[in-house]
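Top to bottom, those sequences are chains A and B.
Residue numbering for the first sequence is 1 to 418, as defined by the numbering used here.
Residue numbering for the second sequence is 419 to 836, as defined by the numbering used here.
Heads up, none of these hints are tricks.
Under the rule of at most 30 Å between Cα atoms (straight-line distance), these lysine-lysine pairs were calculated in the DSSO-like manner:
#: 1; chain 1: A; residue 1: Lys179; chain 2: A; residue 2: Lys192
#: 2; chain 1: A; residue 1: Lys100; chain 2: B; residue 2: Lys758
#: 3; chain 1: B; residue 1: Lys688; chain 2: A; residue 2: Lys11
#: 4; chain 1: B; residue 1: Lys829; chain 2: A; residue 2: Lys244
#: 5; chain 1: B; residue 1: Lys617; chain 2: B; residue 2: Lys572
Cβ pair distances, simulated, as ranges:
#: 6; chain 1: A; residue 1: Asp109; chain 2: B; residue 2: Asp508; range: 23 to 31 Å
#: 7; chain 1: B; residue 1: Cys832; chain 2: A; residue 2: Asp417; range: 30 to 38 Å
#: 8; chain 1: B; residue 1: Asp527; chain 2: A; residue 2: Lys104; range: 34 to 42 Å
#: 9; chain 1: A; residue 1: Thr298; chain 2: B; residue 2: Pro477; range: 56 to 64 Å
#: 10; chain 1: A; residue 1: Glu284; chain 2: B; residue 2: Glu587; range: 57 to 65 Å
#: 11; chain 1: A; residue 1: Lys179; chain 2: B; residue 2: Glu712; range: 29 to 37 Å
#: 12; chain 1: B; residue 1: Glu661; chain 2: A; residue 2: Lys104; range: 22 to 30 Å
#: 13; chain 1: A; residue 1: Glu294; chain 2: B; residue 2: Asp594; range: 28 to 36 Å
#: 14; chain 1: A; residue 1: Ser173; chain 2: B; residue 2: Leu836; range: 38 to 46 Å
#: 15; chain 1: A; residue 1: Glu78; chain 2: B; residue 2: Thr519; range: 40 to 48 Å
#: 16; chain 1: A; residue 1: Glu284; chain 2: B; residue 2: Ile592; range: 48 to 56 Å
I should point out that these hints are in silico values taken from the structure, not numbers from a laboratory.
Using N, Cα and C, we set each Cβ at its ideal position, and we do this for glycine too.
Listed here are the chains, written in short residue letters.
There are 2 protein chains.
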Amino acid sequence: MEEGKFIELAKKAKYASKKIATLPVGLKNTALLNIAKNLKENQEKIFEANKRDLEEALPLVESGELKQSVFNRLKLDENKMRDMIQGIIDISNLEDPIGKTLLKRQLDDGLILTKISCPIGVLGIIFEARPDVISQISALAIKSSNAVILKGGKESINTNKEIMRVIQEALDSIRDFPKDVLTQVFSRDDVKNMLSLDKYIDLIIPRGGNNLVRFIKENTKIPVLGHADGICHIFVDESADLEKAKRVIIDAKTQYPSACNAVETLLIHKDFKYTTELLKALEEAGVELIAKPESWHTEYSDKILSYKLVSTLEEAIEHINEYSSGHTESIITEDSKNAKIFMNAVDSAGVYHNVSTRFADGFRYGFGAEVGISTNKTHARGPVGLEGLTIYKYNIEGNGDIVKDYVDGTKSFCHKDL
Amino acid sequence: MEEGKFIELAKKAKYASKKIATLPVGLKNTALLNIAKNLKENQEKIFEANKRDLEEALPLVESGELKQSVFNRLKLDENKMRDMIQGIIDISNLEDPIGKTLLKRQLDDGLILTKISCPIGVLGIIFEARPDVISQISALAIKSSNAVILKGGKESINTNKEIMRVIQEALDSIRDFPKDVLTQVFSRDDVKNMLSLDKYIDLIIPRGGNNLVRFIKENTKIPVLGHADGICHIFVDESADLEKAKRVIIDAKTQYPSACNAVETLLIHKDFKYTTELLKALEEAGVELIAKPESWHTEYSDKILSYKLVSTLEEAIEHINEYSSGHTESIITEDSKNAKIFMNAVDSAGVYHNVSTRFADGFRYGFGAEVGISTNKTHARGPVGLEGLTIYKYNIEGNGDIVKDYVDGTKSFCHKDL
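For reference, chain A alone in the conformation it holds in the complex (with noise of 0.2 Å):
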């Protein structure tokens, strides 16, 4: 749409933001349920919209114009659908994130500050071809009482217009409720406006491969959530138990290859005494081993790892924080004090002991929903739940108090936490 609409749009975004912050949980809880019921009764026009995308698609593939995992992710099948419905019932099963006291600390008698959680605003959203990114992050943004601006693939185009009606009719039912908070657009302008209009929309969460991240970051002065690229490390020190380190590359490597939290590099220390048998058991696991310099900046996304030998543990901390894309690394050993030094001096939003890269993740984190992975240095790190899409204010409670009294000496602060 031309960008004097986008701006309309966006305005009514933000005026819709204030008002879902004020609302009560059990009405955003049932906003989820209804949400949730009308999803379960639509499930067939959603399949019809679904069917008609793959069929667009389907030339696409056989052409090479569309790769088959980004057709495989577009299909929508019963277990998938049922999996969307049950996350949003997960979702209104959590506690809400907004209005919690973070701090209560009087500052005088009778003057009390308090830290409040409350949502960020607007989000805008860009995914690529998962419809089911639509009732997720409708149902993230709804529970920590966010505005969101959704702008999916083109390949998914009927079925996120499906979702999206079905969704909206739900919300019908519930008076009061400012529809506004949910909308969608589809075009590539709509997605220029999305990222410079910095003053309606306060952070940006893409939902997709390394490029579509990476391009907005580039593209953008509002802050954005997420991760471009997961080069993940393991470090196997000289004390390391042989079958641990086995298991634990194994299932970093192998357990699901293209995952970000994977694992990409190896260091392993030079006077550890199982190398050749380490290196034979990923082999016959199916991994191909590559050691050339030029592979330590490589994401592969596949069952081949890069590895490299190194002289000391502060020498794999420097080469991981040096090439890492501080997204989750990992050591393998049986000494403590070397666990400790690589896990403090690791900076890295995940940096484990004898534990697989595989685990960095919201819902094994026990966060029940998630955001996605930030390997930013502010706001979120790491796996993002619920938490991320909010913020904080402060309240004072007085009595006519004024800074002269403090500031002459007639008063003073007592800072007792309550």
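Add chain B to chain A, keeping to what the hints say.
Frame of chain A, contents of chain B only:
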């Protein structure tokens, strides 16, 4: 300096940031106390350097090229020096913000997740003619284990250089202290390079006037912590107590009119019975009153106040959410229900009841030290203390744990907070 040289400097700062991240708090505090001591011992040399800056600035003030207020801030006297030194000692006494356990959760038997506070990395500080910022920010950076690249105003260049020399000399005596954590740059090109180097610089903190902050926010993709405008509102509700309204508004407007948390716009409920008395009292306190729609965007930073009558509480809330810069607002009311609605619905960093907006300040909130006041919607909002210079990482301790076991159902998560 040329771009290549700046990149080298930024790389060194990044490397030093990894080193200081692992320093024990005792060493950081020793560094701070050494700096305080050396500043005290070298204060005459610093005053001499400051005198040179003042001598060079004086003709510019006379010719009108430099504002008198900037000149005043440039001057370092014994009082300012004493406050500077005490400020560093105070920071050494604050709790270590690094290495705090923010969450400890058992994921399964022998699989423990810990969320630990850690530094952000490299901070870029751009400040105007206030040489005391150098020692304050250096101390905050050391305490929070961050590296910092400082760019001060050209008016205070001699003072800035001498203070940094004295600080670095104090750090020389500490073996293994990564001295590259503190670097100073001087040119406009350095600002340009700083704002473009998102690869090495993790957070920009501008300390200065609105124009500086606005320029920086417009010209970088690095997260910026701060605020450009401070358009704060006070709403006098129908049931407001006249005496409280007078006290609070006069304090909020006149106690320090150029502060960012001074009130700029007064909204009065049309049914408030004492509007005439209130406006008269404000005029008697030397406040000039203006009632023009074009002034809703104006930050006067002077004893001038826009005012407007509104018909309802809701209209006041909507006016504020439309025109406020999101800094600090206050409601004056005896109706606690209205106060609650206002505090809940107004989307600003500080929302008060019967309290002057001037309380928005890290020291008044009891944070011990203040990095600045943020109107951002992510990371840190409102007055920001040391905590705003930290992020966190997730550690997992295990014993060869792999994701496959949880995917195939051999094991399951217990997610028990410890």
